[in-house]
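Sequence lines, in order, name chains A and B. Using my numbering, the first residue of the first sequence is number 300, and each one after it goes up by one. Using my numbering, the first residue of the second sequence is number 3, and each one after it goes up by one.
Take the hints with a grain of salt, since some may be wrong.
Said to hold, decoys possible - Computed, partial: chain A to chain B, Cβ under 7 Å: (1) V360; (2) V388; (3) A390; (4) G481.
Unchecked claim - Stretch by stretch, here's where chain A covers chain B in the computed footprint (C-beta under 8 Å, at least three residues): (5) 53-62; (6) 69-81; (7) 94-105.
If you're looking for bench data, these hints aren't it; they were derived computationally from the structure. Where a beta carbon is used, it is the ideal one built from N, C-alpha and C, also for glycine.
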Amino acid sequence: MSQAVANAGIERRAFVSELLEKCPQALVVTGLGSSSYDVFAAGDRPENFYLWGAMGGAAAVGLGLALAQPERSVVVVTGDGEQLMGLGVLATIGVQQPANLSIVVLDNGHFGETGMQRSHTSQGVSLAAIARGCSFKHVIEIQEQGAVGPLADTVNARAGCTLAQVLVRADELPRALPPRDGVHIKNRFRAALGFAPF
Amino acid sequence: MDDVIESSATWQEEIFSILKEGGVRQVAYVPDAGHSHLIKRVVADPDMRDVVLTTEEEGIATVSGAWLGGQRAVLLMQSSGVGNCINMLSLIQNCRFPFLCLITMRGEWAEFNPWQVPMAKATQPSLEAMGVRVLRANRPQEVAETVSAGFDAAFQGGESVAVLLAQSLIGRKKWVGAK
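With the hints as extra help, turn the sequences into a complete structure.
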């Protein structure tokens, strides 16, 4: 797997953009750093909840959201570093089995925001294998852009909790900065679901 | 001891009623003996989802996600778990999520295990350092009122609140082999 990470050829922004285009109804939670930039670059929308911190928390936010909104597809777009900090929640999700939750890990094998230090996933650790061990229903390892269509179908089907490990290039792309005002993104997200501020 | 256990089931039942009547749909927890009756009641309730966590900070994020999706959720833990939550509480503060956490105290009253003590001493200051209001119930008859006040502060007033449930409420843990 570490060799696969090293040879990965997917361009992350193109992948995220096509995925979200094919999942227009999805509720999206992003892990801090590049994943937030990728989702914002694909087009800002109220159904995106961007994290700028709370590292390790993206999948858990997605879990609570997926349990609350079972009729909507929930997609967590995050990076390998962010997910590695919250490995335990994969076990928690494995217990809950939310059929509408998909975790899409953009795995470049590096901590991109902090100077491209190598992460565990380019040194022999497989998030896909961990997800299998946590009883995820669908575990998908993606090495080419062409797999985005089937992944979108899986997301839209809401037929079992999914983890997709997407092997992306360790590029340093220009940052695309989503709003950082947490109250704003919370309230507009809830408004899009029909919930008023308290 | 038996009296304490019986009393403990009573105030835990009162907590369950507050959560139930308040429309709580998700209860995330790292277990503690002091929450055991409450957790059993949640597990058995078809309108509530029990979410067992591997670490308490997951629960901070899970209850935030629940609120994003329109549901009320509550987090249960023991005091040792508070230290695991500190950075994740920035999610609550930055987004001003309504937040209610019920914390059974260890390491503060007739404690046998010294490893519980440092975090017991740091529980309230840690929460307050991260902007969480701290309420406390020391006696069984204070539990319902205190939890109810915390519940309203969170879900009516939008505050972040932790209710500390004193170790004296739970009683002495029996340690076989202790002298």
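Now for the hints, and whether the structure bears them out:
1. V360: 4 Å, holds
2. V388: 5 Å, holds
3. A390: Holds: closest Cβ of chain B sits about 5 Å from A390 of chain A, inside 7 Å.
4. G481: 4 Å, holds
5. 53-62: holds (count 9)
6. 69-81: holds (count 6)
7. 94-105: holds (count 5)
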